[in-house]
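Chemist: Please put together the full structure from these sequences, using the hints given.
Sequence order for the protein chains is A and B.
So in my numbering, spot 12 of the first sequence is number 12, and the numbers just go up one at a time.
Quick note: to get my numbering, add 115 to the position in the second sequence (first position is 1).
Hints are computed from structural coordinates only; laboratory data are not their basis.
No false leads were slipped in.
Cross-link-like lysine to aspartate or glutamate pairs, in silico, EDC-like; alpha carbons within 20 Å at most:
#1 K44/A / E118/B
#2 K44/A / D57/A
#3 K44/A / D142/B
#4 K44/A / E120/B
#5 K44/A / D63/A
#6 K211/B / E103/A
#7 K171/B / E103/A
#8 K78/A / D56/A
#9 K15/A / D86/A
Residues from chain A that keep clear of chain B, each with C-beta distances beyond 12 Å, as calculated:
#10 L60
#11 D74
#12 V114
Facing chain B, according to a computed beta carbon distance under 7 Å, are these residues of chain A, among others:
#13 Q41
#14 G42
#15 V55
#16 R101
#17 N102
#18 E103
#19 F106
#20 P108
#21 G109
Idealized CB from N, CA, C, for every residue including glycine.
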Amino acid sequence: EAGVAQSPRYKIIEKRQSVAFWCNPISGHATLYWYQQILGQGPKLLIQFQNNGVVDDSQLPKDRFSAERLKGVDSTLKIQPAKLEDSAVYLCASSLGSHQRNEQFFGPGTRLTVL
Amino acid sequence: QKEVEQNSGPLSVPEGAIASLNCTYSDRGSQSFFWYRQYSGKSPELIMSIYSNGDKEDGRFTAQLNKASQYVSLLIRDSQPSDSATYLCAVQGGFKTIFGAGTRLFVKA
Chain A
1 EAGVAQSPRY
11 KIIEKRQSVA
21 FWCNPISGHA
31 TLYWYQQILG
41 QGPKLLIQFQ
51 NNGVVDDSQL
61 PKDRFSAERL
71 KGVDSTLKIQ
81 PAKLEDSAVY
91 LCASSLGSHQ
101 RNEQFFGPGT
111 RLTVL
Chain B
116 QKEVEQNSGP
126 LSVPEGAIAS
136 LNCTYSDRGS
146 QSFFWYRQYS
156 GKSPELIMSI
166 YSNGDKEDGR
176 FTAQLNKASQ
186 YVSLLIRDSQ
196 PSDSATYLCA
206 VQGGFKTIFG
216 AGTRLFVKA
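Modeler: Now the structure itself:
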């Protein structure tokens, strides 16, 4: 069974530029998550989708971050314009559902450096 | 504000010893608890899940849950240098999962 796929793996941009990340979840997984992980911290949820609907985006900085999951499968996360503090690893995860006993499986992540 | 607390470490144990990692959480309604292992530069990997009070064993790993004390722990028996990593505790209540900041474990050969 293929795991969660993400691209690109690394990205370096200058502040005020835009960037987009792509994620393809495990086949059959209804729930998709985007996390931001800053060095030395745990993953912080940015947005959670159930199929193609948003379950939780309370911590997404909506003035600069956007995400979509068209057709309920793969997803893109965009940052526009980027700030220095957006330098982090962006992790995508998926799970079968979003109710109890919700084991999440992570992709390899995208390491973003904003200069 | 729902929180998950872990000692950041580093926790250093000799090879062959038992490593004990602890996690406390604030939301009494939490129902599902997970331990993830994260090697440096890699993404988190699920190693254990536990849903009921008591112990759950899987190979060298034992997860322990005490909902009354809002406490979950992970024991690693016969620790190996390859166990050196950051261990993340994750707690789910409803549809929300919150991750702790992780405990760094070093196993000395």
